[in-house]
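Asker: Every number in my numbering is 12 more than the matching position in the sequence shown, counting from 1.
Since the hints were derived computationally from the structure, they do not count as laboratory data. Beta carbons are placed, not taken as given, at the ideal position from N, Cα and C, and that holds for glycine. Do not take every clue at face value.
[What the hints assert, rightly or not] Calculated pairs, EDC-like style, for lysine to aspartate or glutamate (alpha carbon to alpha carbon, straight line, at most 16 Å):
no., residue 1, residue 2
1, 27, 116
2, 27, 68
3, 27, 67
4, 166, 116
[Claimed, not checked] Label-pair restraints from in silico Cβ distances:
no., residue 1, residue 2, range
5, 150, 65, 36 to 46 Å
6, 80, 103, 22 to 32 Å
7, 14, 157, 37 to 47 Å
8, 56, 81, 18 to 28 Å
9, 81, 157, 30 to 40 Å
10, 51, 81, 14 to 24 Å
11, 86, 56, 13 to 23 Å
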Amino acid sequence: MELCTLAYDHPDSVKLITDLQQVYVTRYGDGDVTPVAPEQFAAPLGHFLVGYLDDEPVACGGWRAHDEEQDSLRPGDAELKRMYVVESLRGRGLSRLVLAALEDAARAVGRGRMVLETGARQPEAIGLYTRSGYTRIDNFGVYRDHPESLCFAKEL
């Protein structure tokens, strides 16, 4: 898989994010309610990747900076968002490649910790993160009181 840094609002990014939102609708009844803006995923305070196989976009993910203490967030955190691999290619290690590249990109610009939220109805995501060294933290932001949200962090 070839990983390319793209804008969050690039057409290939948008296609994958739209597909991911549909997964949330299927599993939870609605999409992710987190407010995001494309500029949050632009360097140096963010990063967004799209993975390609045979010139087709098949995976994505990004991070955005957090520099204020809030709930369990700390200044210098990078929040992982929009991790997704198309269903037909899951189980091949592509998500691990995207995750590792995003961690490397955050580390390269001085981010100290990666944080994320995932849902209780996403056991494959929970497994990916725990196998990759993430541990549970208190829920943060819009997920603070959401009963199906699980937040994780990993020191970079």
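Asker: Each hint needs a verdict: does it hold in this structure or not?
Answerer: Hints and how they fare:
| no. | hint | result |
| --- | --- | --- |
| 1 | 27 to 116 | violated, 25 Å |
| 2 | 27 to 68 | holds, 11 Å |
| 3 | 27 to 67 | holds, 14 Å |
| 4 | 166 to 116 | holds, 12 Å |
| 5 | 150 to 65: 36 to 46 Å | holds, 37 Å |
| 6 | 80 to 103: 22 to 32 Å | violated, 38 Å |
| 7 | 14 to 157: 37 to 47 Å | holds, 40 Å |
| 8 | 56 to 81: 18 to 28 Å | holds, 20 Å |
| 9 | 81 to 157: 30 to 40 Å | violated, 19 Å |
| 10 | 51 to 81: 14 to 24 Å | holds, 22 Å |
| 11 | 86 to 56: 13 to 23 Å | holds, 18 Å |
Taken one by one, the earlier hints fail for this structure at numbers 1, 6, 9, listed in ascending order.
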